[in-house]
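Asks: These are the residues of each chain, in order.
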Amino acid sequence: MTQHVYRHGLLMIMPLALLAGSATALGADQDQLERGAYIARTADCTACHTTDEDKPFAGGLAMPTPMGDIYSTNITPDPDTGIGGYSLEEFTRVLREGVARDGHRLYPAMPYTAYTKMPDEDIQALYTWFQEGVEPVHQENRESDIPWPLNMRWPLAVWNWAFVDTGAYEPRDDKSDEWNRGAYLVQGPTHCGTCHTPRGLAMQEKASDDTGKGFLSGADLGGWHAFNITSDHNSGIGGWSDDEVFSYLKTGAAHGKGQAAGPMGEAVEHSLRYMSDEDIRAIVTYLRDVPAVNDGDEMPRYGHEGQGSDASRLRGQDSSDGQHTGENATDGAALYLGNCATCHQADGSGSPDGYYPSLVHNSVVGTSHSDNLTQVILNGVHRANNDGEIFMPAFRDQLSDEQISALASYVQTQFGDPDAKGVDVGRVKEIRDDTP
Amino acid sequence: MAREHEDLQADVVIVGSGVAGALIAHQMSMAGKSVIMLEAGPRRPRWQIVENFRNAPDKMDFQAPYPSTEYAPHPQFSPDNGYLIQKGEQAYDAQYLRVVGGTTWHWAASTWRYLPQDFELKSRYGVGRDWPISYDDLEHYYQWAEEELGVWGPSDEELGSPRSKPYPMAPLPLSYNESTVKTRLNDNGFYVVTEPVARNSRPYDQRPTCCGNNNCMPICPIGAMYNGIFHVEKAEKAGARLIPEAVVYRVEAGEGGRITAVHYKDPQGNDYRVEGRYFVLAANGIETPKLMQISTSDAFPDGIGNSSGMVGRNLMDHPGTGISFLASEPLWPGRGPQEMTSVVGWRDGDFRSEYAGKKLHQSNVSRVDQMADQILSADGLLTGPALDERIRDRASRYVQFDCFHELLPHPENRIRPSATHRDALGIPKPEFHYAIDDYVRKSAVHTREAYGRIAELMGGTEISYSDDFANNQHICGTVIMGDDPSTAVVDGDCRCFDHDNLFLATSGTMPTVGTVNCTLTVAALALRISDTLKREV
Chain A
1 MTQHVYRHGL LMIMPLALLA GSATALGADQ DQLERGAYIA RTADCTACHT
51 TDEDKPFAGG LAMPTPMGDI YSTNITPDPD TGIGGYSLEE FTRVLREGVA
101 RDGHRLYPAM PYTAYTKMPD EDIQALYTWF QEGVEPVHQE NRESDIPWPL
151 NMRWPLAVWN WAFVDTGAYE PRDDKSDEWN RGAYLVQGPT HCGTCHTPRG
201 LAMQEKASDD TGKGFLSGAD LGGWHAFNIT SDHNSGIGGW SDDEVFSYLK
251 TGAAHGKGQA AGPMGEAVEH SLRYMSDEDI RAIVTYLRDV PAVNDGDEMP
301 RYGHEGQGSD ASRLRGQDSS DGQHTGENAT DGAALYLGNC ATCHQADGSG
351 SPDGYYPSLV HNSVVGTSHS DNLTQVILNG VHRANNDGEI FMPAFRDQLS
401 DEQISALASY VQTQFGDPDA KGVDVGRVKE IRDDTP
Chain B
1 MAREHEDLQA DVVIVGSGVA GALIAHQMSM AGKSVIMLEA GPRRPRWQIV
51 ENFRNAPDKM DFQAPYPSTE YAPHPQFSPD NGYLIQKGEQ AYDAQYLRVV
101 GGTTWHWAAS TWRYLPQDFE LKSRYGVGRD WPISYDDLEH YYQWAEEELG
151 VWGPSDEELG SPRSKPYPMA PLPLSYNEST VKTRLNDNGF YVVTEPVARN
201 SRPYDQRPTC CGNNNCMPIC PIGAMYNGIF HVEKAEKAGA RLIPEAVVYR
251 VEAGEGGRIT AVHYKDPQGN DYRVEGRYFV LAANGIETPK LMQISTSDAF
301 PDGIGNSSGM VGRNLMDHPG TGISFLASEP LWPGRGPQEM TSVVGWRDGD
351 FRSEYAGKKL HQSNVSRVDQ MADQILSADG LLTGPALDER IRDRASRYVQ
401 FDCFHELLPH PENRIRPSAT HRDALGIPKP EFHYAIDDYV RKSAVHTREA
451 YGRIAELMGG TEISYSDDFA NNQHICGTVI MGDDPSTAVV DGDCRCFDHD
501 NLFLATSGTM PTVGTVNCTL TVAALALRIS DTLKREV
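Protein chains in written order, with UniProt numbering: chain A, 1 to 436; chain B, 1 to 537.
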């Protein structure tokens with residue numbers, strides 16, 4: 001059903017409006033603007049290009065690279081500082097090849113390696129929307145902090161030649177329309193692989209689609225672990241039901257499996273929750289078919305049963321007892337009961353409606369990749385979905401590195417894998433220092 | 001001999017780290033001024049207070065999760081630590097905290113604005129005093145305070161205090177208990193409204209939504225309810241320096257009465273001297289006048305700011321009476337916060353020339369453990385399902401109302417430093433001379449009739465009145481605000497008449513106690529002080 005969306009997309013963007021004379025002043029019809037806006041949501045352009053909510057798409061987000069910070073650019077239609085002067089061909093070249101109007105090459109932090117899969121008609125709709133649906137903001141772009149000679153960009157041409165498979169998505173005849181739509185969305189605009197596919201020595205994604213080895217098999221990025229989301233039962237999401245994957249993508253939560261925070265929470269908040277149910281289902285269908293990659297896990301991350309509550313052990317303590325409740329206490333059970341159990345419950349079961357997630361049967365708790373758990377305790381969760389806001393307070397100002405290490409280790413062993421190796425205090429400090 | 005420390009000086013020195021002091025510290029730090037906040041008590045992490053509460057045998061003892069320290073004692077009642085010395089016919093058994101963040105750790109979070117009439121009690125009704133400022137002077141600061149603290153309030157009910165903007169948040173839905181009783185009373189001539197409170201109904205200011213733990217007092221375990229500690233932390237992030245366990249015992253005045261320094265002791269008794277350009281005393285309505293009265297010198301023999309003799313006098317509170325009964329139907333108090341509604345029809349009226357205005361409020365505290373205690377004391381042999389059924393029946397039908405009566409300012413109601421009782425650091429304990437006036441007693445007779453009518457409307461049985469004029473921790477009048485330096489301690493800007501660079505940020509400045517919780521007004525006055533300081537410092 002969905003394959004026709006871009007095959008027939010031609011129909012949508014054939015400038016019917018122009019012919020019919022029912023266009024806006026600049027010639028875009030409402031359908032095309034809406035389509036462009038939808039694609040911009042799908043591609044989550046705002047994630048990197050909006051730093052100030054009052055100036056959408058004006059750029060300026062710092063993105064750390066090993067060589068120095070680079071900054072996202074102004075993609076509002078301002079003619080001087082934005083992309084107001086871009087022709088459709090120039091705009092297309094940015095998305096397809098990563099080459100700007102003046103000929104300089106973009107760093108692949110801009111996922112043109114994925115956007116290249118967009119068909120011409122989608123690029124045109126996106127172009128129309130950026131030119132006519134976005135308010136121009138005059139804001140100069142910021143030079144990267146990368147020093148000479150590393151800031152020379154010509155080697156990127158070589159990088160592109162070696163690693164980028166330029167060109168629009170080619171539907172596979174042996175797969176359903178839904179599968180093809182999902183494949184296009186995952187490989188293209190939603191650019192899942194940017195985080196979920198491991199990178200090679202040259203920082204290239206090791207695979208750009210399901211035919212490559214390791215596609216979507218998980219990676220560490222920016223202090224978070226983007227999980228293996230291949231179809232493997234234990235290491236990936238093969239054990240999740242279709243409805244669970246759908247719910248996770250649409251709302252950020254799948255009870256008994258996991259909840260989105262950090263960059264994935266942002267992807268849900270800014271992008272996925274706005275996508276049509278049909279498109280989300282197409283993504284689910286495709287993900288089901290991504291070749292399994294097993295990392296040696298003997299059970300799924302969410303499979304652990306939990307060890308129950310320690311509340312009775314700590315009740316009736318003298319309240320002046322410094323070992324358990326002193327300011328510097330590092331008894332994980334006491335820290336858990338005092339800081340977390342009010343919402344997540346003493347036995348980790350959360351609330352019946354799942355607003356406060358169960359920590360038992362929870363991917364983030366049950367994995368040996370502990371960064372996400374540490375991140376959430378340090379910096380909290382704040383994610384909007386279509387029903388409201390999901391919020392967990394940050395504990396970085398309430399607890400020391402030692403306490404967060406003790407608490408996270410307790411949560412891991414009590415509600416996840418009892419043999420987990422725990423969370424290293426040094427790693428807590430690193431993540432604290434790397435996050436605002 | 002006081003230790004001189006080069007770093008112990010700041011543009012603004014603030015004594016006390018409760019909501020008032022912390023708001024000012026935050027504002028002045030953001031304005032680029034150097035700020036030192038001195039707090040007598042220790043820093044206590046929330047999670048530790050939560051665990052103390054869970055381990056405490058008496059859940060209704062709101063002081064218990066905050067152990068008093070030797071060096072900066074605060075009142076403890078089970079057992080009584082003897083910190084408050086009572087000399088009057090009525091005990092003033094205030095429950096305040098000396099801890100970083102102050103007493104809003106265990107408040108009800110009720111954030112009412114006063115009525116415009118509350119500022120004009122004398123000229124309208126011939127009793128009490130007028131404020132030197134009007135409601136209109138404070139409206140902007142009320143709004144600002146509501147935004148700082150994060151207040152929810154009703155948009156469709158008239159509360160009598162005109163607003164320039166809506167409340168920052170909409171209220172959570174009322175509990176079944178409160179919505180049932182509210183409807184019944186409003187159908188029968190009462191005026192019951194949803195109470196404005198500093199509690200989140202959505203994520204606000206990096207704090208979560210209230211999830212109804214129903215122990216707002218003594219501790220909100222998740223920080224959905226506002227506590228002063230939030231502005232302490234904001235102030236520190238903005239650059240303010242907090243020194244906990246710094247017990248200020250002397251305010252020092254120099255040339256022309258300007259304050260030059262405050263002196264504090266650490267828990268070991270070592271002395272420190274802190275210099276500043278401007279000083280704010282924000283150590284509540286008891287410790288502030290105590291500190292001022294013990295800061296005597298040749299130039300100020302009656303203490304700091306006390307040329308009027310009014311420091312420590314005009315002590316007010318909201319003497320409360322109550323009723324409890326079992327309703328004829330289950331109401332299940334205990335879902336949601338501890339209190340969400342108030343009866344406000346008697347906050348104002350011509351009767352105020354004769355007797356006290358007041359606010360009544362229904363409790364929504366879970367009564368399961370209290371009922372279980374009562375039942376087991378009465379019948380220790382009851383066990384199993386019969387016991388459960390008994391607890392369920394009584395806890396679900398229990399109704400309690402309490403109230404605030406407006407006491408008038410009387411100079412003979414006072415707090416002063418004890419001449420005979422001192423704490424571990426040798427600092428005098430607070431001594432109270434306090435009595436309930438006829439203005440309140442007369443009103444309480446009417447209140448009892450209203451309570452009786454409520455019980456009747458709810459089919460109440462086992463009706464029990466409490467007529468003890470309970471203290472409600474709204475400590476007003478003790479460093480009173482006014483126009484006339486001979487009868488007041490501070491002017492309308494909360495600046496001491498005797499000391500140009502000394503401001504008092506406490507409910508003690510309030511010339512009338514009104515009929516509602518005073519914290520929002522304290523916060524508004526504090527923000528108003530910060531505006532004055534920004535112009536001068």
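Simulated from the structure, these hints should not be mistaken for laboratory data.
Even for Gly, the Cβ is constructed at its ideal location relative to N, Cα and C.
Incorrect hints may have been included.
[What the hints assert, rightly or not] Ranges of calculated distance between the beta carbons of each label pair, as one might list FRET restraints: (1) A:ASP277 with B:PRO173: 26 to 32 Å; (2) A:ASP397 with B:ASP137: 34 to 40 Å; (3) A:ASP277 with B:ASP388: 54 to 60 Å; (4) B:ARG335 with A:GLU170: 35 to 41 Å; (5) A:SER400 with B:ARG453: 52 to 58 Å.
Asks: Next, verify each hint and record whether it holds.
Replies: Evaluated hints:
no.: 1; hint: A:ASP277 with B:PRO173: 26 to 32 Å; result: holds (30 Å)
no.: 2; hint: A:ASP397 with B:ASP137: 34 to 40 Å; result: holds (36 Å)
no.: 3; hint: A:ASP277 with B:ASP388: 54 to 60 Å; result: violated (46 Å)
no.: 4; hint: B:ARG335 with A:GLU170: 35 to 41 Å; result: violated (58 Å)
no.: 5; hint: A:SER400 with B:ARG453: 52 to 58 Å; result: holds (56 Å)
In terms of the numbered hints stated before, the structure departs from hints 3, 4, listed from lowest to highest.
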